[in-house]
Structures are given as C-alpha cells and as structure tokens.
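*Asks:* Spelled out, the chains give:
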Amino acid sequence: MKSTCFHKRLTCGFKATSSQLSNQHQRPTGESVWSLKRMIKFVLMVNRQGQTRLSRYYQPVELNRRAALEADVVRCCLSRRKEQCSFVEYKDFKLVYRQYAALYIVVAVTDAENELSVFELVHNFVEVLDKYFSRVSELDIMFNLDRVHVILDEMIQNGHIVETNRSRILAPLTALDKMADS
Amino acid sequence: MADSRRSAPLSWTDKPAAKMSDVVEKTLTALPSLLSLDSQPGSAKLSSSSKLGNLIRGITELTSKHEEEKLIQRELVSIKEQVSSPNTTMRQMKELMVRAIYCESLGYEASFSYIHAIKLAQQGTALEKRVGYLAVSLFLNENHELLLLLVNTVLKDLQSTNLIEVCMALTVVSQMFPKDMIPAILPLVEEKLNHPKEIIRRKAVLALYKFYLIAPNQVQHIHNKFRKALCDKDPGVMTASLHIYLQMIQENPDGYKDLTASFVTILKQVVGGKLPIDFNYHSVPAPWLQIQLLRILSLLGKNDQSTSEIMYEILDESLQRAEMNHNITYAILFECVKCVYTIHPKSDLLEKAAKCIGNFVLSQKINLKYLGLKALTYVVQQDPKLALQHQMTIIECLDHPDLIIKRETVELLFRITNAQNVMVIVDKMLEFLRVSTDDYTAIDLVGKVAELAEKYAPDNEWFIETMNTVFSVGGDMMQPDIPNSFLKLLSEGFDSVEEDRKLRVFAVDSYVSLLRGEPGKLPQRFLQVISWVLGEYSHLMEELEPATVLRLLERLLDMKQTSSETKSWVLMAMTKLCEGGASVAVAQQVSETYISSMDTVLRQRAQELQHLSQDSELRARVLPRDAGLEPQEVDSSLSFLDGFVSEALAAGAAPYKPPHQRQEELAQAKALSLEPYGLSLPISMASCSIADRQSPTLLSISSGLSGDSTELSHKGGPTTLKLDGVKRVWGRDGYLRESVEEVAQVEVPSPLRSPSQQAGAESSHSQTPTPDPEQDKQQLASSLFFGLSSQSPMCLMGKPEPTANRFRRKNKVQGSSSSATEQTPSSLASSPSTVDNLLCDDLLDSNITSEPSVSSSTITSELSPGLTATANGTCDVEAKLTDSDVKESNPSLSEDEGLVAADPAPHEDPDRPEDSCLSSHLPAELCELGHSEITPLCTNQSLELSACHVQKEDSLVFVIFISNSSAIQQILLDLHSEQLEVSCVSDRPEVDVSSHSVAVYQYSLTVKRPSVHVEVVGMVSYQLCDGTPQTLQFSYKLPLTSFIRPLTVSTEEYGTMWLDFCHDTKQNLTLISDGEEPLTATLNVLKRKLQLGVVEVIGMEGILACQLLQDQPCLMHCRVHAGVLAVWLRSPVPDLPDCLIYHCQRALQVD
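Protein chains in written order, with our numbering: chain A, 1 to 182; chain P, 1 to 1151.
Keep in mind that the hints are not guaranteed to be accurate.
To be verified - In silico lysine to aspartate or glutamate, DMTMM-like type, Cα no more than 25 Å apart, as pairs:
(1) A:Lys94 x P:Asp439
(2) P:Lys1089 x P:Asp1026
(3) P:Lys521 x P:Asp476
(4) P:Lys406 x P:Asp459
(5) A:Lys178 x P:Glu198
(6) A:Lys37 x P:Asp304
(7) A:Lys91 x P:Asp438
Claimed, not checked - Which bits of chain P does chain A cover? Going by a derived footprint, with three or more residues having C-beta under 8 Å, they are:
(8) 54–64
(9) 170–177
(10) 283–291
(11) 327–337
(12) 365–372
(13) 404–412
(14) 435–448
Keep in mind that the hints were calculated from the coordinates and are not lab data. Where is the CB? At the ideal position from N, CA and C, for every residue including glycine.
Could you build all of it, start to finish, from the sequences and the hints given here?
*Replies:* This is the structure we're talking about:
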C-alpha cells in the first residue's frame, strides 16, 4: 500500500487528472442537447440606437453586467441584414429577434427551445400591446414601462410561456385600469 | 377525464380574433422619429410631460456615456430623497418606482429603493400595488433576504376579497418566493385551486409549478390536485397544469404513462378547433399549447411502443395540417416531426415527417431552412438516408452567406461523420472555425473536432496534424479535457506496440519542428502538451539528441509570454530528459535560474531538476521509462505524514476538520444570523474543485483524494493510481455522487430500423447522384456522404466497426470482463438468454469506454424496459428446446399462453376473500408482530401471488404467498429492486407447490438507496404440467417509513454524530396544536407515526434520532419558531433527509 509519491507526481500528474476530468466535462452530443433545459433567458426591447427600452431577465444576471450584455446583443442583431435568419447564435444560447420600425425585440432562448415558436410569440406580444395601446408606438412602451412589464409578466413567467390568449393576457391590467378610473 | 372536458361548458365569450399584424407593422413604420417627440399626438396613457418622460427625454438627448452617468446619478439622488420623505403619497411612490426601474434597467443600482418597493406592494392599492410587486420582482433575485419581508404582504393579499389583489399575489409568488416560507402560504394557494374564477385557479397552478421547481418535496402530497387542474373545465387552467406535467414527466416518464390518452384527447380537441376562438393565433388554434402537448407526448412515447401507438393517429393529423402557410404552423410541425422521430417509429409517419423536413430545408424562407437543418440534425442519426436525400442542399448551406445556417450545417455534418468522410468533414469544420469570431462556437467546435479525430482518424499524420490545429486554434479557452484525453491516448497507447511507437515518434517529430519555428505563437496549453510529450517520448527518436530537445525547451522558458504553469511543465520535461554531458549542463544552468524563483512550484521543479540531473541513478529510480504502464500504488491515507501531523499537534496546531464541520462552526460562531437556514457548503466545494484543476503537478495527490476514487479506479485502467478500497480519510465528504452521465452512455440502443427502411436507404443512395452541372459540388457531396449508405445505419449512431476505429482506446473492460459478467444481475445471468449476450456485447463493443463497476442494478434498470419483452419470450431456451415436440403438436395453445405470460398487468380485485385465509399461512413468529394488509400482486389462471410486509425490530420481512390452482412445477421467484437489497430468508427459493396449496416465501429487505417510496419488482417463472414455461411479473411498493426504527443515543453522542454527517435538509413544518403543548404534541405524532426516537426536549427545541435499516442513522433537530416547526435533518446517507422530511410532512398533515 505504501510507497513514496514523488515520482508519481512527476509522471502521472496529468494522467490522474485527465481520467478524472474527462467525465466531468461531458460535451453535449447527440440526444443530450435536446433534453437540456428549454427556456427563455431574457427579453429585451431596444431601439436602433442601442438604447434599452425594456429588459426582463429570467435567469439572474448581475446588474453591472447587464449593460455590456445588452450592448453586445444589440450589436449582434443590428449587424444582420434583413434577408438573414432571425435567429443568431450568441454564446451558448440563441437570440431570436424581430424588428418593428426602429424597435428590436430580442428574446434569448436555450438551444432546446423551438426558435420559430418564440419568433411568433414576439409577434403575439406586439399584437397584445397594439390592442392595449390601440396602435402601439415606441413612445407608448417608453412611457408605460410598468404596464408593458405587467403584460409581459402575464405572458412569460420563469422563462416559460404561460399565456398566449390576448384577451386573457390583458384582463388583469384592464381591471386595474378600471379600478384606478373609478 | 377527457370526457369531462369534452362535455364541459365552454363558457367564455367568443370574440373575433383581430388580425392586426399588418396594422402593427405599418403603425410602427410610421412612428415619428424620437426628435419630434412633442409632435406625437399622444394617447391617453402617454405622459410625456411626467418626470419619467423628462428623464427618458434627457437620456435620449445625451451623446456620451459620461453625461448619462451624471444624469442618472442626479436622478437617483432625487428619487432617494423623495422615497424616504414621509409626505410622499403612494401614487408618487409608484411614479418613483417606475423611474427607479428605468435607472436599474440602464445598469445603475438603486438598492435604496428595494425596501420601498416592498412597502409599495404592502400599502398601495390597485396599480400602485401591482407596480410595487413588479419592482420587487425586477429588483430582487430569488435569494435576496428582503424577500422575507414580502411574505406577510403576500399572505394578506391571498386572503383579500379583492380578486385583483389575489391575482397579483399569486403572480408574484409564481415568479419568486423564499423557499423556506412556502409552507406558510401553501394551504392558501391550494385553496385557490377550487376558486370559481378561472384566472385565480390558473395562477394558483402556476404558483404550485414554481413551488415544484424550487422545492419539489413540498408539493409532493398534492399531485392529485394537479390531475384535477389537468381536467379543469377551463382550457387556461389545463394549459397551466401542463407545465407541471412536462416537468414531472421529464423527471419520470414511467409514472405518467396512464395520462397519455388524456393528452392525446386534449390535443385532438385543440387541433379540431374545439377551443373558443380567442385562443386562436392567426387562425391556428392555441399553437403554443399544441407545442407543449407534443413535447409531453414525445417524452411519454420515447422507447415505448404501446404508448407510442396511442398517439400515432393524432400525430398523423397534426402532420396533415402542414398546408397552412404561416410561421406558427411550421413551428408546430417542427415539434411534431421531433416527436415522430423520438417515439417508437412508425414507417408512414416517418415518411411524412421526412417529407416535412424536406419542405423546410428546401424552403426559400431562411428561418424555415434553419429549422429544417435543425430538425435534420436531430433525426440524421436515426435516419441517415435523409441526409443523403438532401445532400446538395446541405452542400449549398455549407457555403451560405449567413453564418448561423453554416453553423447548423457544420453541426449536421458532425453527426454524420464516419471513418470514410472524417477528413472532409473535419476540414469543413476547421474552415468554419477560421471564419468564426465567436469564442463559444470555437470552444464547442474544437471539442467536436477533437472528438472526431480521436474516434475516426485514418492515420497518424492526420491525427497529429489535426490535433495540432485543434490546440493552436482552441488556444487556452478550450475544454481542459481535450489535452488531457489526448495525452492519455498517447500514453496508454493502443493494441499494437509498434503503432504506439510510430504515433509517438510522429508526435515528437512534429513538435520538434513546431518548436524550431515560432513557438511564441502557440497557446500555453499546447506548449504544455508539447513539453510533456517531448519529455516522455523524445528518446524514441534515436537521431534526436536530448540536448537538442533541452535547448528547444529552454527557448520556451526564455519567452516572456510563457506562463509559470507552462514553465513548470517545461522544467518537468527537462528533468525527464537530462541525460549525458551536454544536457546536464543545460539543465544545471536552467535550474540555477529558477531555483531562486518567487514561484514556489517553479522553485520546487528547479530543485528536482538540479538534484536529479546530478544523480542519474536516482533519476532512473524516480523516473523510470515507461513507468506509466505499471500500476502505481499510493498511500492515499497519507499515513507517512502521521509523524509530522502528531508532531504538529503536539506543538499546538489545530486538528484537521472536514469542510462541513468547519462550516458548521463558522455558522455557530456568527452571533446574529438573520437567515436561520444559510446554505453555503456546496459553493465552497465548487470553488475547491476549480482550484484543484489549476496546477498539473500537485494534482495527483489532491485530485485523487478529492473524492472520485471510484471513477479513477476504473477509468484509468492499468495506469492510474490504485485507490480501490483505500479509506478516504481526508477526502471531501459528500462529494462522491453516482455519475449519471456514465449510466446514460450505456443506454438502450435506439429502435432498429425495419429491414424495409434499410433497403430504402440503400436504394435511395443508388439513385441519388442526380445530374448536376456543378461538378465540384457533387464531388464534395460524394466525399461528404461517403459511407453513409454502404454501412448499416447502426454505425452512424456512434458505434463504428472496430476495424474502422483506428484510435479506439484500449479495451479496458477486457481486463476485468470476468468481474463485469459476474456483476450482471442474477435475474438475467441465470437465464441463458440472448439478453445476456446483448448486454455484454454492448458493453464490450461500445466505443465509449464502458465502466465495469457501474452498479449492476442500474444497468438492468436502464435496459429492462426495452428488453423485458425479449426476456419474457426467450427466457428459458433450454426448456423450449426440450419441449419442442409438445409445442409442435399444439402450436396455437402455446402461443396464446405466451401472450398471457407476457402481459404483466395484474388483475386487481379490491376485496379478496382469501386475505384472512392467507394470513393463516404466515409463519408463527411473524404473526405476533402484525403485518400490513395482504395485497394481491398478480394472478393468472394457474396461480395467484399476494404479499405483505412485517416490521420486525431489526429488519423488514417481505412475505410472498403463492397459491396455485392447477398443477405447476419449478416455481422460481426472482426479486430485485433499485433501492433495496433483497435477501432470501427461507432456505429454498425454489419450491414445488403442489396443487391447491400455498407456499410462503420470506425475504429480508434493507435500503440501499433511500427514496420516498421503494419498490420491489419481481418475476415468477414456472412450468405448466406439460412443461411450457411461463412468467409473470409483479411489483410491490412500500413507504420508506417501514424501514425506520428509533435510534437510542445520548445527547452527547448525538452532538458528535451531528457534526460528522454531511447530508442535510431544512424545512418548516406545521405544528400540531390540539390542547397540548404544540412541540410535544407534534413530536409525539412523529414518534408514533414514523417511529422517531426523541432524544431530548429543551424548551422550544427538540432533538430526535432514527435509523434506516440497517444502521443508517438520521438525526433531526427541531425548533419552534414563529408558529412553525423549523426542522433540520442530517444523515451520512444522501437523500435520506429529503425522504424523511417528506414523510414528516405527510405524518403531520393527515392529522
């Protein structure tokens, strides 16, 4: 059982590590990629000047890292031409973006998410906003930040799509507005 | 249940769905630029003159980041002033919060406002309250301590008569809630499941979903309520419950197979347009709901033919709806295609799905093309002929101007790589690597290239050169396991000694020429690899003087960009090489330089170099050539340090404490702890393990000790440190976990294609090379898709033929194959079936190094679902052979019976009159103890099985009664369990039961791996009087509590044990208060129901102890705090505390 460890350290240091590490860093291949967690990581609304109009994170990101991340994400989307794919790979996840006039809506999703369904979710969101503000504009979103957030909260929770029915999404907010009026 | 939905009154107003998409785009295009802010007509809600408006306008007009910062800081000061003023109304507070949200969203912290957000949620009304909650959910993360202050507000709002307030509270709860406080609101949330308003029910389900995600144990008891939500008459509530089901089915698909038909019915109704029209999106009924259901179905149907069959029809219907030309239909189709390829295959569905993928890939719309490639990547391993069909499109996509399309194509190619096309594909991947600028993509691709190179390399030169590119491009960002496994491959070698030598010589040659070039451009990791290889193997090249190599290495030391880590690798290599006059001189000179280095590791290496270069005899002993091939023993208990340790102790040093103990003391030392249940242990461990990886040199000891000794012992084969059976005295407790990934690799092979499909693959290939003007593209295609059709599809699934796999690792299983077969579970090994061979072949052939010591029971559990059918059919080959004449004479009968035997469904009769008479067969010594109810296990025409369990003081006896109605013989009972150790009590497990009698079998059960419920599964096999073999399957479930016994310890013993145990869990439980003092009353219930032993009760605190048979203690500490019982459980056994807390919860709830 006993022996000195000296030469083993020199010759075998690497081997011992390698055998240990090779299992810890499983690169996702094949099936496993698809069974990874499926979720939305964040939703961003930014304009062409790169100014964030709204941001909602479903995974904790430190405050001081957000601005840089958002700038990077916007750069990534702005650099793409119209005829290019609406999905971009960004770090280890994907960005799904959609442009409305000068406003971009960017949704970050994990690789296992169905990009096209999120792409349409964005449009659904815009349609809801359009219904609520009756002809939505970027200014509505800017000056009614709280209401837009409330609408978004009805649609996405914890990175999952929880409601897509337009009238149901708006029901709590319209009720609140009525209460305020009376 | 589905029927209840169908007949349910659909009582919502049907509003026409607005088709506004075009309008929206037009409106937004017509948006005036920001400069003309004032000219905007302004809707009623637009408040451009407000303070928020001023702020936004101010920010928009700014030009520099610096000015923005100044402005925001000014704004924050003003907000801070106003929020703390007592005169601020809630209405103003709301305005202030929105401004604070805006500042934070620009990245400026407004932490002073957090507490005011909570206040606003508490005191505000209507929208003010909502904004308060919103601000809280935006400002705080889930672990923020201020969240505790929200609990009371939530509690109050949940009880409010104002539905909107209830709604808000439920919304915030489903976004974030402190885990420890869940019990405080859980009853209220549960109550809301029965609320008349569907929005409240829906939000309550979503809140429970959140609870399930963060603390699954806490909602375990309300699973039946989830079912109720699934059957809710409102589609919204049902949709919400699907989130929970998706999650639960992901974790345990077998537990919910019975719901398959319900999900199918729901999907049918949705697809059939039975939902109110406002659920439509662009005339497609509830598309996201459809997608969710398809995901659930694919999880349920995976590897399960009978479940898959239930869903074929609806999948077919969904695929047919492909005509509608809208993105959202394609999104559904994509999910549908994935489902079809995930579940048990059906040929005409596969055909339709393939056609669908074809439409995607060929589409002019780029988003669809992307989706098509993604789908193709998913299915190509199962169906390589699809890749062949679309080969020209794939080639085009490879040159697509959009990088993301290119990337997806590369991913696809990676999946279809084989020994024939590896060179072309790797070439394409490297080409992509050179144009890609993204680090993440680079890391990922580099890993994949390395994997392919290792798997399929055609020759040495190509392998080494490819790996050189990998190391130079991957640089220092790449996964550390790439160089590690490369060196491992090189050092362990292959089956041929001559091949090994050639490869090593080639590597040395290649590296020497690299070092002669511009080594300054090479990444550090690569230099480390080079140093190691040169140190180990440069002696193999006879014409190469050691001194030459030393000088080359010396150049590395002199370069200023060389890190000290690399330098220590270089010094190590030098130590191995310094032989002969010239090299010793170089070595001496180098060691002189570094012997006074500030870096202790370098100094150490320099010392070694100096001493060993002077004493060649010592060097030969310390660093023998080829030492890597001998097993080395290490005293991992470090007993050679005992003297040193005892001296140090004698000199007054503090004794060593394991990390959790230190943590414990640290926690106790804190005088004031706001959080009663701090949790930081896992974090400190994680940081430890990262730190461990830093140095290559000191690692051998520390990593060996760090806990994964089991992994080491079989992974490394003959070269690793032998740590088996060594007590890990200084190891990190609790770190050692069963590796799930390893098990996953031994997965059941995916369902084989039917022969007709294989034939189809081949014939399609013979037709595919369609005439095409672009010669080179076709050439590329033929080289890319070479080997795709000539081999059987199986080879594409990561299992290449052994001959093609040049760089296959040495088969490590061979050495220990005897042990592997020994470990094959008895149930399979005992029958000379094909299953056994399948198993072994799979283990031996598998390209991924199989782990012989993966717990055998896990293998069976992984394989059994797919193989039990075979096992049933072919179990008793010998018996079949001997009785073949009987069979021939009466073929139809035996077939019928075969069917009966394969059907495991137990026929359950709730009221069995035999119960009382069976209990009379209980052995006398068990009768006195009292037994659980005798439940029937399974029956068929010839015999009946029933079972019960008896709790003895020191064991649990499981009793099976077999009563037969016709004459049968050779009854063989075989039990196994994932969680339990089953051992036979009665002497003879194989008994002939004479006709119309009852045989009693006794087994003693102990817990191997705790789980809330444990299950014994078994198979009884017997022969009819005519010799026909029959089998019956059954299972028996029992709660963990049956295994719990009180543990008698003194308070002092309890104290020491407490500190030694490392697995713990904490939770708040409800107190029982029926007249008595609550703590005593609650503890009495726990004592009575769960047999926990009360050790001592002091004031508001109590300590309890119990053990899980055999000798697996668990300690409980509880304290009455704020009306709840704060419970802390600890045990040396993983999962035991979690399971026990569940049962405690149950025990206290039922009352």
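*Asks:* Hint by hint, say whether it matches the structure.
*Replies:* Against the structure, the hints come out as follows:
no. : hint                  : result
1   : A:Lys94 x P:Asp439    : 14 Å, holds
2   : P:Lys1089 x P:Asp1026 : 50 Å, violated
3   : P:Lys521 x P:Asp476   : 12 Å, holds
4   : P:Lys406 x P:Asp459   : 28 Å, violated
5   : A:Lys178 x P:Glu198   : 20 Å, holds
6   : A:Lys37 x P:Asp304    : 22 Å, holds
7   : A:Lys91 x P:Asp438    : 7 Å, holds
8   : 54–64                 : holds (count 3)
9   : 170–177               : holds (count 3)
10  : 283–291               : holds (count 5)
11  : 327–337               : holds (count 7)
12  : 365–372               : holds (count 6)
13  : 404–412               : holds (count 3)
14  : 435–448               : holds (count 6)
In the structure shown, a violation is registered for the earlier hints numbered 2, 4, in ascending order.
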